[in-house]
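*Asks:* Same order as they appear, the protein sequences are chains A and B. For the first sequence, numbering that gives the first Met the number 0 assigns the number 0 to the initial residue and increments by one for each residue that follows. For the second sequence, numbering that gives the first Met the number 0 assigns the number 0 to the initial residue and increments by one for each residue that follows.
Since the hints were derived computationally from the structure, they do not count as laboratory data. Some clues are possibly wrong.
[Claimed, not checked] Here are some of the chain A residues that sit facing chain B, going by a computed Cβ distance under 7 Å:
(1) 13
(2) 15
(3) 37
(4) 39
(5) 44
(6) 48
(7) 49
(8) 51
(9) 58
(10) 60
(11) 75
Positions of the beta carbon are idealized from the N, C-alpha and C atoms, including for glycine.
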Amino acid sequence: MKKMNEQQIDHLLSQYVDGRLSEIEVQKVESFLTLDISVQHRVKELRRLKDLLASKQKLTPDIGFWTRFAVALEEQKKDEKSFLPFPRKFIPVITVMATALVVAAGTLVIQNRMQFVKYFSEKSQAVREVYEKNVLQGQLLPLFSKVDKDRALQFSLFGTLALDDKSKTELRVDEQSKKGYRIEVGKDSKNKAKLMTFNRFLAEVKPTSEQKHLIDSLLELTGRRIESSVLIGENNAMAIAPDLPNLNRMMVTNIAACLEPNQRIQFERLLEANDAPYTVTAQSVPARKGDCIFENISQSPRGNRFVIITPDTMMYSQLHINFDSLRRHMEENIVTFELRREAILKKMIAREFQYAPRNVPWPHQVQSFGNDNFFSVEINVPTEEIEQQQMRVIIQPRLRKQILQTAAPNHSIELHVWRDTVSDGLAR
Amino acid sequence: MALPLLDVKWSLKDKPYQIGVRARSFVPSFTKTNDARSMTNDQILQKPTIEVLKKMSDEALITAFQGGDHDVYRFLVERHQERIRNMLFSIFHDRDFIDDLTQEVFIKAYQALPRFRFEASFYTWLYRIAVNKSRDELRKKKLRRFFSFQTLDEGIKKELNVRLSVPPEDRDTQELVDLGLQSLPEKFRTAVVLKDIDGLSYEEIAEVMQCELGTVKSRISRARSMLRKALKPLLEEVQT
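Bound conformation, chain A alone (with noise of 0.2 Å):
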């Protein structure tokens, strides 16, 4: 036992005090007990450290242990049926595969990356390309062209327009929400909204000679405003304005304001049959000038903003077009830009629109977001004081009228470009 090292001593004693010895190793202990009292002495603490172990005081009874614990299980139970969609245990198994996936994924970017910078340069190239091509080289045609008092009076009451007598596609825009405005190209809307004529809002409203007059000139000045507001162009491409729903509002706006208060209750029994999306709330106010009217009607788009798409690209930005001089070439040579107009319009609104560009960068301003069958953009524009403190006045929107009321500092446009399958089928 001399031979053995202290932790072998501990180890034999250890078995010892626990009986754990055959018989010869007990005697063989006993006997070296007897010759070495550090030995005794280490015995006796053993044997004092197990009675303590031993006599070490229990807690008390837990006695409410199996109230709380009957919750715990319960709750526990709950929690698992309600959380996972598939039994625990293939917890590891799901989170070893998503692990692997994360990195396969990261893996693959990281080894395709060049491929993925060519992909996103090549994007903004197209950008740059489409730009160039299509917008900086002239090529764009007003979509509508002539457009004449009754169809200015259509958009300027209801926000509908035709594009043309055979297509039935038409520009819509509408109020959608309390943050701004809804453009749409599409198919003719299932509820459509009834024909307007010049010469029925004369025979409804009853308008002086300068009145008429007034109004007359509003429509024109409208029709110059729609012609110049939604363009297309070679390569499917299409400009929008973004304030054209603007331009629905000030029309109502302003008829209603050059008329006097007795004209204005018929324009709204006018309006209110024939369901328009605004109201003449302020029938007592009396009829204002020419000049205060037209001052707030722009030929050209605010700032020359377009929102500019194609088939693989979309953009906001700014166009410098000369509308006077486009016109003046458009009527030189009607013929050839109304086939010109027509093939491209066909070919675009036959053209997948819902194929909607996702990976471009985007002006910070301008979100997309859309499905299968269309897409949007979402637009934010600074607001147009005058027209909103204005409008306060004269007309609020049929439906929904808390909007002027809680009117926000930054309006949103939103624009989209429905897919038309009836023009699909003429197309084919």
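Dock chain B against chain A, hints included.
*Replies:* Using the frame of chain A, we list chain B on its own:
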């Protein structure tokens, strides 16, 4: 101990005027199918009484549990809860913490009980769950200490020396033993707790700690040696 609610059932047809008294429900709604409220009178009369259930062995109760009578789990819990609580307290010395941990141990056991194969006794199986749980918790605590740059063991050893340096009459033996246990590494502490406090045999400890018998012997002797050194003044005082 809170008594279960009693449900009095009259059986006039076969045994006139005899009343069968049975526990209404031992476990809340998750065992609705076995709830006494949904049973017929005959079924209730066939079910063992509380007294009988209390006397039934662990194995018999587990068989009943595996047969679908989850109510009997209450008797298993009540039979072993204090052993597990005390064992966990000897390891952690934190009353609030061990109450939650004991719950977790029994929840784990509840989930695993349908797969219990009677290869070991129920209480060693339960101890194994508790030891595994406490290992996990100690690992978490160790990780937290690592990130908070604390050295708990050194702190405990210092505190133990301070407590031992006071005059013998001012010493609190229980507190010193607790501190001594806390100063041990986890594997030694668990082994000595299971042996000297809970009174498990070496073989049972090997089963609980899932290691060889020789390893258990070695861990216990090492733990005792460390404790003997740490509590030397206390042990010498008792001898004199």
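*Asks:* Minimum Cβ distance from residue 48 (chain A) to chain B below 7 Å?
*Replies:* holds, 6 Å
*Asks:* Quick check on the hint: residue 37 (chain A) CB to chain B CB, less than 7 Å?
*Replies:* violated, 13 Å
*Asks:* Was the hint right that residue 39 (chain A) lines chain B, CB cutoff 7 Å?
*Replies:* Violated. Min distance 10 Å.
*Asks:* Closer than 7 Å between Cβ atoms is the bar; does residue 58 (chain A) clear it against chain B? Give me holds or violated.
*Replies:* This interface hint holds because 6 Å falls under the 7 Å limit.
*Asks:* The hint names residue 75 (chain A) as touching chain B; please verify it with the least Cβ-Cβ distance against 7 Å.
*Replies:* holds, 6 Å
*Asks:* Identify whether the interface hint at residue 13 (chain A) stands, where standing means a beta carbon of chain B within less than 7 Å of its own.
*Replies:* With Cβ-Cβ at 4 Å, under 7 Å, it holds.
*Asks:* Given residue 44 (chain A) as an interface hint, is the shortest Cβ-Cβ distance to chain B below 7 Å?
*Replies:* holds, 5 Å
*Asks:* Quick one, is the residue 60 (chain A) hint okay against chain B at 7 Å, beta carbons?
*Replies:* With a minimum Cβ separation of about 6 Å from chain B (threshold 7 Å), the hint on residue 60 (chain A) holds.
*Asks:* Against chain B, run the beta carbon of residue 51 (chain A) and see if the smallest gap drops under 7 Å.
*Replies:* Given a least distance of 5 Å, the restraint on residue 51 (chain A) holds.
*Asks:* Taking the least C-beta to C-beta distance, is residue 49 (chain A) closer than 7 Å to chain B?
*Replies:* Holds - the Cβ of residue 49 (chain A) comes within 7 Å of chain B, reaching about 5 Å at its closest.
*Asks:* A closest beta-carbon separation below 7 Å is what the hint needs, so does residue 15 (chain A) meet it against chain B?
*Replies:* Not OK, violated: residue 15 (chain A) not within 7 Å of chain B, min 10 Å.
Checked against the numbered hints above, the structure breaks hints 2, 3 and 4 and satisfies the rest.
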